[in-house]
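A.B. asks: All residue numbers for the sequence shown refer to numbering that gives the first Met the number 0, where the first residue is 0 and numbers rise by one.
Just so you know, these hints were derived from the structure itself, not from any lab.
Computed from a predicted structure; not experimentally measured.
The calculated label-pair distances, taken between Cβ atoms and stated as ranges, are:
(1) VAL103 to GLY221: 25 to 33 Å
(2) GLU128 to LEU249: 21 to 29 Å
(3) GLY131 to ARG217: 15 to 23 Å
Where is the CB? At the ideal position from N, CA and C, for every residue including glycine.
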Amino acid sequence: MARIAVGQAPFSADVDANVATARDLRAAASAEGADLLVLSELFLSGYRVAGIDGDRTLTLDDPRLAPLVDDGSPTEVLVGAAVDGPGGRRNAVLRFRAGDAPEVAYAKLHLWESERGPFAAGHDLSVIEVAGLRVGLGVCYDAGFPEFSRAYAHAGVDLIVFSSAFLIGEEADRYDIYHPARALESGCFVVVSDAAGSDGDGRFYGHSRIVDPRGRVRADLGETGALAWVDVSPADVRATRSALPYLDHLLPAYRAHL
0 MARIAVGQAP FSADVDANVA TARDLRAAAS AEGADLLVLS ELFLSGYRVA
50 GIDGDRTLTL DDPRLAPLVD DGSPTEVLVG AAVDGPGGRR NAVLRFRAGD
100 APEVAYAKLH LWESERGPFA AGHDLSVIEV AGLRVGLGVC YDAGFPEFSR
150 AYAHAGVDLI VFSSAFLIGE EADRYDIYHP ARALESGCFV VVSDAAGSDG
200 DGRFYGHSRI VDPRGRVRAD LGETGALAWV DVSPADVRAT RSALPYLDHL
250 LPAYRAHL
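Using the sequences and the accompanying hints, generate a full structural model.
C.D. replies: Okay, structure coming up:
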C-alpha cells in the first residue's frame with residue numbers, strides 16, 4: 000500500500016518562488032503520510048512557453064533546486080520543469096527523493112504545437128518504483144493517446160501520473176474525458192496534477208484529481224484546492240483488472256501494435 004498525493008497551486012515566472020511553493024506542498028503531503036506527491040507541468044519554470052529559453056530553464060545541478068533537495072522530507076516529488084541536458088531542452092518531470100540528487104524521470108513524448116520549437120521530444124516511456132508501486136509517467140497531451148496509457152498497463156503499472164496544464168474551455172472538456180477513460184481502459188489508478196491560476200493568456204482549469212481503475216473520480220481539487228491523496232494497493236488494481244478484463248480480452252492483432 001502506498002499513499003499518493005496530488006498537489007495544486009498557482010505558479011509564476013519566478014523559479015525560486017515556485018520551488019518554495021513545491022517545498023510547502025511537499026511538507027503538507029508528508030504530514031499526511033504521502034509516499035509521493037505529483038505536481039503540474041512546468042511547475043518549477045512557469046508554464047508560459049514564450050521566454051522559456053531564459054533563466055527559467057533549469058539544469059540538474061541548478062542551485063535554485065536546493066530547497067527541494069535538502070529539505071529532508073521522506074515524500075518523493077514528481078514535478079514539471081524545463082530542463083536542459085544532452086539532446087536539448089525537455090519538457091520534463093523531475094524526481095526528488097530524500098538523500099538523492101534530482102533526476103529527469105520522464106521527458107514529454109507528445110509535444111503540443113506551441114512546444115515543438117522550444118522543446119525536444121522525449122524518446123521513451125518511463126516506469127518508476129515508489130513504495131512498492133509501479134508508476135508510469137506522462138505529461139499533459141500524452142493523456143490524449145489511449146495507446147500511451149495502454150502500453151503502461153501492459154507493462155504492469157498500478158498507477159499512471161500526469162503533470163498537466165489544461166486551460167478552461169475546450170481543453171477542459173477533453174481533460175474531463177481523458178483521465179477517467181485512461182484509468183478505466185487501462186485498469187489502473189490515474190493521478191493528474193493540473194496547473195492552477197493564469198499564465199497571462201488564459202486561466203488554467205485546475206481540477207487536479209485522482210481517478211480509480213473503474214474510471215471513478217475519487218478526489219477533485221476544483222480551481223483552488225491544494226492537496227488530495229489516495230491509498231493505492233497493487234492487489235486492488237489486480238482485482239479490478241480481473242473484474243474488468245479489458246487488457247486480457249484485447250485481440251492479439253491490436254495488442255501487437257502496443
